[in-house]
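Novice: Residue strings, one per chain:
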Amino acid sequence: MNAVPRPLLRAGDLSKRYSVGRSIFPAQRRTVHAVDTVSLDIWPGETLGIVGESGCGKSTLGRCLVRLTEISSGSLEFEGRDISEASQRQLRPLRRQMQMVFQDPSASLNPRRRVGDLLADPFRIHERLSASEMADRVADLLRRVDLSPQHASRYPHEFSGGQRQRIGIARALALRPRLIVADEPVSALDVSIQAQIVNLLADLREEFNLTYVFIAHDLSVVRQISSRVAVMYLGSIVESGPTDEVFAAPRHHYTAALRSAVPVPSIDRARRGRLVLKGDLPSPMSPPSGCRFHTRCPAATSLCRSERPLLQSIGEGRLVACHHPAGG
Amino acid sequence: MSADAPLLVVKDLTVSFRSDEGLVRAVGGISFSVEQREIVGVVGESGSGKSQTLLAIMGLIDSPNAIVSGSIRFMGQELIGLKRRALDAIRGRQIAMIFQDPMSALTPVHTIGNQIAEQVRAHEKVSAKAARPRAVQLLDAVGIANPDRVVDNYPHQLSGGMRQRAVIAMALSCNPALLVADEPTTALDVTVQAQILELIGRLRDQFGSAVILVTHDLGVVAEVADRVLVMYGGRFVEEGGKSSVFRAPLHPYTWGLFGSIPPMEGPRPARLAAITGIPPSLSDLPKGCAFSPRCAFRHDACLVQLPIMQGESHRAACLLPETTRRQFAVQRAGGVEMQR
Numbered sequence: 001m002n003a004v005p006r007p008l009l010r011a012g013d014l015s016k017r018y019s020v021g022r023s024i025f026p027a028q029r030r031t032v033h034a035v036d037t038v039s040l041d042i043w044p045g046e047t048l049g050i051v052g053e054s055g056c057g058k059s060t061l062g063r064c065l066v067r068l069t070e071i072s073s074g075s076l077e078f079e080g081r082d083i084s085e086a087s088q089r090q091l092r093p094l095r096r097q098m099q100m101v102f103q104d105p106s107a108s109l110n111p112r113r114r115v116g117d118l119l120a121d122p123f124r125i126h127e128r129l130s131a132s133e134m135a136d137r138v139a140d141l142l143r144r145v146d147l148s149p150q151h152a153s154r155y156p157h158e159f160s161g162g163q164r165q166r167i168g169i170a171r172a173l174a175l176r177p178r179l180i181v182a183d184e185p186v187s188a189l190d191v192s193i194q195a196q197i198v199n200l201l202a203d204l205r206e207e208f209n210l211t212y213v214f215i216a217h218d219l220s221v222v223r224q225i226s227s228r229v230a231v232m233y234l235g236s237i238v239e240s241g242p243t244d245e246v247f248a249a250p251r252h253h254y255t256a257a258l259r260s261a262v263p264v265p266s267i268d269r270a271r272r273g274r275l276v277l278k279g280d281l282p283s284p285m286s287p288p289s290g291c292r293f294h295t296r297c298p299a300a301t302s303l304c305r306s307e308r309p310l311l312q313s314i315g316e317g318r319l320v321a322c323h324h325p326a327g328g
Numbered sequence: 001m002s003a004d005a006p007l008l009v010v011k012d013l014t015v016s017f018r019s020d021e022g023l024v025r026a027v028g029g030i031s032f033s034v035e036q037r038e039i040v041g042v043v044g045e046s047g048s049g050k051s052q053t054l055l056a057i058m059g060l061i062d063s064p065n066a067i068v069s070g071s072i073r074f075m076g077q078e079l080i081g082l083k084r085r086a087l088d089a090i091r092g093r094q095i096a097m098i099f100q101d102p103m104s105a106l107t108p109v110h111t112i113g114n115q116i117a118e119q120v121r122a123h124e125k126v127s128a129k130a131a132r133p134r135a136v137q138l139l140d141a142v143g144i145a146n147p148d149r150v151v152d153n154y155p156h157q158l159s160g161g162m163r164q165r166a167v168i169a170m171a172l173s174c175n176p177a178l179l180v181a182d183e184p185t186t187a188l189d190v191t192v193q194a195q196i197l198e199l200i201g202r203l204r205d206q207f208g209s210a211v212i213l214v215t216h217d218l219g220v221v222a223e224v225a226d227r228v229l230v231m232y233g234g235r236f237v238e239e240g241g242k243s244s245v246f247r248a249p250l251h252p253y254t255w256g257l258f259g260s261i262p263p264m265e266g267p268r269p270a271r272l273a274a275i276t277g278i279p280p281s282l283s284d285l286p287k288g289c290a291f292s293p294r295c296a297f298r299h300d301a302c303l304v305q306l307p308i309m310q311g312e313s314h315r316a317a318c319l320l321p322e323t324t325r326r327q328f329a330v331q332r333a334g335g336v337e338m339q340r
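Quick note, the sequences are listed as chains A and B, same order.
Start counting the first sequence at 1; every next residue gets the next number (the numbering used here).
Start counting the second sequence at 1; every next residue gets the next number (the numbering used here).
FYI, nobody ran anything at the bench for these hints, they're computed from the structure.
Please read these numbers as outputs of a predicted model, since none were measured by experiment.
There may be inaccurate statements among the hints.
Claimed, not checked - A few chain B residues facing chain A, derived, Cβ under 10 Å: (1) Thr191; (2) Arg247; (3) Gly256; (4) Ile261; (5) Met264; (6) Pro279.
Positions of the beta carbon are idealized from the N, C-alpha and C atoms, including for glycine.
Excised from the complex, chain B in its bound form (with noise of 0.2 Å):
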């Protein structure tokens, strides 16, 4: 595999359950691809399809009711299908996942250096005299003040923004290229949050790993991520890199989702610019635009037609001429500009 060749590609991949209500179709037939080294946030709300899709990339939708098809392929290896035997092989050593709450990667009976060290036996012939060193210095690595000490603490002894570290530095542990992260600071505090952000922005740079952020957030993003994906009812509604989305987002969507933010600097608005109605359930997606029901923009075209990305770098799936978006996305950010 040629260094410049992308870390994860992702194609059509589509994840559905078979439910007494029919067919649930999670997500609907994405495409994505991530770079060595680059971290991509990937924003939406509840039902969105976002935690949903990091899960099939680490193979864990083993529902008997779940369908997952497509292809997913992680450093030119395709991972649909592949054996549990050889998946082990690459998650928790070449792909490693963090969650919103790190209790539900911690055991409360064993020592956080323990738990560390079991991760790296793992995958690595290690003895666990050799494996502790290891665990004091991933420890150290994300910011744990006393390494030495915490290492034989348990979970229960830590603050929430220290458990969340230790889960880090377990993942961590066998430098994996790709880190996937389930709203990871969401279940934090704001100055915790600001420290883990601060970690995951320098883990490319102290380990080399690509890291794929699902948030609601799209502070988060701003603050980490080099690429938006922003994704609803199961697919993704517009991508791009985060200063081309931030100053010009191209889908309604992604407008409703910065004017349901209040503003932290300048005047405030007499009424924040809500998106109508609530997000659509996952069995009984709208015909055509799954955004229709609730654009401000929605013509006849978008109750039938779906809307497919289209665009260079900056792609967004919507029915409106890209011509009217971009004019109105510049109308937005001097507006925006003028507020300030």
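If we strip away everything but chain A, and leave its shape as in the complex, we get (with noise of 0.2 Å):
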């Protein structure tokens, strides 16, 4: 094996653009930078959160990573392999490694189909299984998701939403990836539910030694799985480091009011003071000039009005992206 350890995926200036009305004349159309020169690192057997607000861009990002969305610009290298560039027929063995996991199992699931077929099919797609290797293997698989053999033979719509969801965990499964990227795997479940599959996640990554990068909005479900997070903000990442760090001394005054702004179910930390802040988030479409946090930050200055703050290490493996560090 490699002597210097490298990481699995690593994204640099990673930038995702959209370009937005339907104007002829291109000087009247628009650009939204869903993702602005994002780099980070995923290391082999980390799970790395991102979480941010809607329209922050971290399901497109999560989508860039597995090249399910095309990028507009900068790099991305799987194992040290750079694959920004690779056409479909290229990424089809990297496939197997990367999987993604939908915040809607049911839209990912066709309707129609038994669920041991759309189990089976990354098998068809990728190996040659007779049928009853190929059975065994489903079974296999329902049975590490904690459903049984019995349900490959019912649709999706005979299962809860949880149960869904194990589906999906099990065909992103399927192939033995390295890495796994969940897009709000848990936040349209019941609490009680979405705790089975936080606990299942983590049982899989033990188990079979994935890498997660884990998006979600619900900062304590990030806290309970992530060992380390990122925080982005208008397309950019704000502050990442080790989970317990970001979270117990957050840096970055977006971080520490996100952070803040989470209802906590105990009746002595809700009385405690709280950081609201003030208005909505901006339009990606128009963001503010310098630093993009500057309109809503309370400890912002005339110099982040005009200058942008870049992502710095400060560390311990933290980076923010901030001129006045909170807590420093």
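The two chains are supplied separately, each in an independent frame; assemble them into the complex guided by the hints.
Specialist: So, in structure tokens, the structure goes:
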């Protein structure tokens, strides 16, 4: 093996731009920077949580990381190999290594096909197996996600939301990937079911040595499952670092506000003063100048309005993009 | 009606629907009351019957297959069986409702100001001209910046949080004694949710309204409620003052809910204390305690006997002896304290 550890996946200045507006005059079209020069390394065995509010680009980033969405610019390396320009054909063997789990399992499962067939698809595409081998593998998959092999003959609608998400996870697991990008995998589920799925994902991580990118808006869920966390705001990462440290002592004011805004099911905490942000998220179509958070930031100065802070290391694996970091 | 009489008294409320699979009992005979200026949080997962309870209070269950029985008394007046016209004099005026999706209460083709004015004029004899400053004033009261500009905006020009504020402004336009809110912050981002929760907490002081807040999020309840009702399988399983329920919950389902939520502070548990299984289907509720198939503490009696709500101010519906549950609640609280 390599003497020097290298990231499983490395994104360098990754951007995804969409042009909006239907004008035939390019000058009148506008560009949305859904993902704006994001650089990050995903290390084998870690779970990187990506948090942020709606429209911050976390889902687009997740899809770009597995090349489900074409990237506009920047580099993407999987185990040191540049895959940013790879064709769909070249990507195919890589698809075994990188899988995705989606928020709405019903939307990602064909309602007209039996669960057994849905789960056999990855084997049909990537492996030559006999019918009985395939059935064994499907049964095994179902057991891994705490469903029963008998469930293979049923249709998706016969399952509850939580069970459907288990099927979505089983399908992602089928080819024993190295990396799973999970985009809001529990946010459509009831609280008690969320906890089951979070536990399942943690168990599978151990069992199969998986690396996760876990995208969610729910901070407590991200805190529970992630070893490292990246906070996004309007297309960029504003802070990243080890989960416990980032949550215990956020350095970016947005992270602090986000953390403080989470309603906690404890009466001791609830009475504590909190940092309520003013205003709404600015439109990603016309992001503010300088630091994009300055319009809502309690610590903003004129510097923040004019100059955009870079994501910089502040030691101990932590990065922050802020001119005046909190709690310094 | 005396000043300290409860604002709303619900007794044995049952909501059932005739369906192909037989009678689906969404709400199974619940009783509760809401005091004036009180904020009551109703917690439950999907299918617990919490939304149907609200719709029944609003008289909004009008499916020909629905059967609503029991009693809902609002300021001493029975609402069940009330004629449409009489009901319209109450709802929108004395009881107002807000929904999860603000767009379900807004029409895209009129300005925010016109929609608020329409609401005001439906219940009060005011000219359109006089209603406009009222709309601006209400938008200001719910914390919308530049209300005199926003009043002429259309809903699509506003963000989700602003729309929810506008809907709350509409709901408040007639100074309702009771505001009924169904997951009002669920569709909102967490920083905006914090703003709306702060607003709901302020309503009582500013408008003197009582609030019934339905949510799946115990954190939201901790934030704003005075009293908590926990619903499961169409019935209440626990009820009590917020501090009592949060310090020492008495029902195994409530324990499970707390255990399912990852902590935001302190060490992270290796695994969450999740509840096994899935919520029951309302068309096929288990005999006995509806929670028994998922309950770690179940014993034989739970499978046959329906537990009823017992206790004084803090009540729970569980067949496990209360002393046992209290002990467990104390241990659990101790464990949580130790973890911190």
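Novice: With reference to the structure, classify each hint as holding or not holding.
Specialist: Each hint tested on the structure:
no.: 1; hint: Thr191; verdict: 5 Å, holds
no.: 2; hint: Arg247; verdict: 7 Å, holds
no.: 3; hint: Gly256; verdict: 6 Å, holds
no.: 4; hint: Ile261; verdict: 6 Å, holds
no.: 5; hint: Met264; verdict: 5 Å, holds
no.: 6; hint: Pro279; verdict: 7 Å, holds
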